[in-house]
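Sequence lines, in order, name chains A and B. Under my numbering, the first residue of the first sequence carries the number 1, and numbering increases by one thereafter. Under my numbering, the first residue of the second sequence carries the number 311, and numbering increases by one thereafter.
Do not take every clue at face value.
Claimed, not checked - Per the computed footprint, the stretches of chain B lying under chain A, defined by three or more beta-carbons under 8 Å from a beta-carbon of chain A, are:
1. 333 to 341
2. 344 to 351
3. 364 to 372
What the hints assert, rightly or not - The following residues of chain B were derived to be distant from chain A, with all beta-carbon distances above 10 Å:
4. E320
5. R322
6. A326
7. A327
8. R354
9. L358
10. T361
What the hints assert, rightly or not - Think about it this way: if two alpha-carbon atoms lie no more than 20 Å apart in a straight line, the pair counts; the simulated SDA-like pairs of lysine to any residue are:
11. B:K334 - A:M1
12. B:K337 - A:L241
13. A:K7 - B:R354
14. B:K337 - A:E233
15. A:K297 - A:K7
16. B:K359 - A:M1
17. A:K262 - A:G179
18. A:K230 - B:H339
19. B:K334 - A:E243
20. A:K49 - A:L105
21. B:K337 - A:Q245
22. A:K191 - A:C279
23. A:K297 - A:R277
24. A:K7 - B:H339
25. A:K7 - B:D355
26. B:K337 - A:A240
27. B:K337 - A:G228
28. A:K49 - A:K143
29. B:K334 - B:E320
30. A:K137 - A:L192
31. B:K337 - A:R15
32. B:K312 - B:Q340
33. B:K337 - A:L232
34. B:K337 - A:D236
35. A:K137 - A:R31
36. B:K334 - A:K49
The set of hints was computed from the structure by calculation and includes no laboratory data. Glycine residues also receive a C-beta, built at the ideal position from the N, C-alpha and C atoms.
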Amino acid sequence: MRCIRCKAPANVEVRRHRSAFCSGCYPGWFRNQVQRAIESEGMFGRDDKVLVAISGGKDSLALWHALLQLGYQADGMYIRLGIGNYSQHSQSASERFAAKHGLALHQVDLKEEYGFVVPQLRNQREGKPCAACGTVKRYHFNKVAVDLGYDVVATGHNLDDEAATLFGNVIHWQTDFLGRQGPVLASTHPKLARKVKPLFRLAERDTAAYAVIERIDYILEECPMAVGAKSLEYKDLLNALEERQPGLKQRFLVGFLRGGRKALAGRQEPALIRECRECGQPTTGEVCSYCRMRQRKRRQVESRMAARGS
Amino acid sequence: MKVTILPAREIREAAAADVGQLLKELKLHQDAYLVIRSDQILTRDVQLKSTDEVEIWPVISGGQG
Ligand code: SF4
Ligand SMILES: [Zn+2]
Ligand SMILES: [Zn+2]
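This is chain A alone, in the form it adopts within the complex:
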């Protein structure tokens, strides 16, 4: 296979686009895709301050790297989730990247500042803390962005992530989630940051190839809580189909964003946002889901202690 730009032997094939690139031409193509996503979805401009949600994995570091190369003002933010060795390794990869490029990396330490770690948030039924972990991440990324005056929070969600989420939401007919799924989530309250996903049209394999070619030192290690996650099953299924029908993942997602989503979004009342009674962060209820989750955990701990004491 030859590079479609310079005809040198290719290194990375992008089958769904019927193209291939050498290591020299590939990063330019990748960043161009990111640039086009930012522009076509009106995500942010060069004067905006962007906060990138960093996990130490390939997607978030590739995104940060690409944004800087494209000339955007992007700082990072990392949450110390307290998931054993995985958290230690992901924190050091994130810090190494920030130090190497001389960038600001804001950090929140759940244990030090809030007195809990993610593994304590395991759901009794599924045995996984992922739903609660998602709430924790959304809450803190938003809070730091608003407190420090960032215009937008960018996450490294890629095409495979978005297609798997869409697949899950369709399988379970989560129409309210479907109405909101997309590459841009507008701010509907002064304390709610705008959220964007500039990698949503790039496959997971594309971001990994970018990270390898640009010699980004990311962690290959996975969060141990991810083992057996439904999202991984969906990705595997979609990749099996993609093998026989190149472009299927992209058609599934883009088709939904162009057509299906509008039909669903139109039927929903815009939610009224107010400030949480406990913490003042924006929410649709009286108490936000983050505070409710922490109250639930506190009650569980108290009842366990009471049972032990009696």
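On the provided structure of chain A, position chain B with the ligands as indicated by the hints.
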């Protein structure tokens, strides 16, 4: 050829003639892996020799975040 599968660095022997066939032989999806030889990513049509040493890097991350 000698194949090292990351992240656990599991070592396998394989006999495939090219990269696409190697992934088929190991029952791995093309979109879920990168095949790397001497620091270079290989496209699926690249011919492989029995003396080659290649690495297979998974690209799929899991969980909700
Ligand atoms: S796999 Fe689950 S627990 Fe681990 S970081 Fe992702 S969402 Fe959090
Ligand atoms: Zn080229
Ligand atoms: Zn709250």
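Going down the list of hints, with the structure as the test:
Coverage of a stretch by a chain is defined here by at least three residues with a beta carbon nearer than 8 Å to that chain's beta carbons; for the region 333 to 341 of chain B and chain A the count is 3, and the condition holds. Requiring three or more residues with a Cβ within less than 8 Å of a Cβ of chain A, the coverage given for the region 344 to 351 of chain B holds, as 4 such residues are present. Check result for the region 364 to 372 of chain B against chain A: holds, 6 residues qualifying (beta carbon to beta carbon below 8 Å, three or more required). Interface exclusion of B:E320 from chain A stands, the closest Cβ pair being 13 Å apart, more than 10 Å.
Every beta carbon of chain A lies more than 10 Å from that of B:R322, the smallest distance being close to 18 Å; the non-interface claim holds. At the 10 Å boundary, the C-beta of B:A326 stays outside the reach of chain A, the nearest C-beta of that chain being 16 Å off. Interface exclusion of B:A327 from chain A stands, the closest Cβ pair being 16 Å apart, more than 10 Å. Distance check for B:R354 against chain A: the nearest CB is about 7 Å away, which does not clear 10 Å, and the non-interface claim fails.
No Cβ of chain A comes within 10 Å of the Cβ of B:L358; the nearest lies about 15 Å off, and the non-interface call holds. For B:T361, the shortest C-beta to C-beta distance to chain A comes to about 20 Å, beyond the 10 Å cut-off, and the non-interface label holds. Between B:K334 and A:M1 the alpha-carbon distance is near 19 Å, which keeps this suggested pair within the 20 Å criterion. Proximity of B:K337 to A:L241 is assessed by CA-CA distance (about 14 Å); at most 20 Å being required, the pair is judged to hold.
A C-alpha spacing of about 17 Å is found between A:K7 and B:R354, which places the hinted pair at or below 20 Å, so the restraint holds. Between the alpha carbons of B:K337 and A:E233 the distance comes to roughly 16 Å, so the proposed pair stays at or under 20 Å and holds. Taking the CA atoms of A:K297 and A:K7, the gap is near 59 Å; set against the 20 Å cutoff, the hint is violated. Using a Cα cut-off of 20 Å, the hinted pair B:K359 and A:M1 holds, with the two alpha carbons roughly 18 Å apart.
Between the alpha carbons of A:K262 and A:G179 the distance comes to roughly 7 Å, so the proposed pair stays at or under 20 Å and holds. Using a Cα cut-off of 20 Å, the hinted pair A:K230 and B:H339 holds, with the two alpha carbons roughly 18 Å apart. As the CA atoms of B:K334 and A:E243 are separated by approximately 11 Å, the hinted pair is consistent with the 20 Å bound. Of the pairs offered as hints, the one joining A:K49 and A:L105 holds, with about 14 Å between alpha carbons and a cut-off of 20 Å not exceeded.
Annotation: proposed proximity of B:K337 to A:Q245 holds, straight-line Cα distance about 17 Å (limit 20 Å). At roughly 12 Å between alpha-carbon atoms, A:K191 and A:C279 fall within 20 Å of each other, so this suggested pair holds. Between A:K297 and A:R277 the CA atoms are separated by roughly 18 Å; this keeps the pair inside 20 Å, and the hint holds. Between the alpha carbons of A:K7 and B:H339 the distance comes to roughly 27 Å, so the proposed pair goes past 20 Å and is violated.
About 15 Å separates the Cα atoms of A:K7 and B:D355, which keeps this hinted pair within 20 Å; it holds. With a CA separation close to 11 Å, the supplied pair B:K337 and A:A240 stays within the 20 Å bound. For the proposed pair B:K337 and A:G228, the alpha carbon gap of about 19 Å is at most 20 Å, so the pair holds. Taking the CA atoms of A:K49 and A:K143, the gap is near 15 Å; set against the 20 Å cutoff, the hint holds.
Between B:K334 and B:E320 the CA atoms are separated by roughly 17 Å; this keeps the pair inside 20 Å, and the hint holds. For the hint pairing A:K137 with A:L192, the CA-to-CA distance comes to about 14 Å; that is within 20 Å, so the pair holds. This hinted pair checks out: B:K337 and A:R15 have alpha carbons roughly 19 Å apart, not beyond 20 Å. Distance restraint check for B:K312 and B:Q340: the Cα-Cα separation of roughly 19 Å lies within the 20 Å cut-off, and the hinted pair is therefore satisfied.
In summary, the hint linking B:K337 to A:L232 is supported, as the alpha carbons are separated by about 17 Å, within the 20 Å threshold. Between B:K337 and A:D236 the alpha-carbon distance is near 12 Å, which keeps this suggested pair within the 20 Å criterion. Taking the CA atoms of A:K137 and A:R31, the gap is about 26 Å. The hint is violated against a cut of 20 Å. Note on B:K334 and A:K49: the hinted pairing is violated, with a Cα-Cα distance of about 45 Å set against a maximum of 20 Å.
In this structure, the hints that do not hold are numbers 8, 15, 24, 35 and 36, in rising order.
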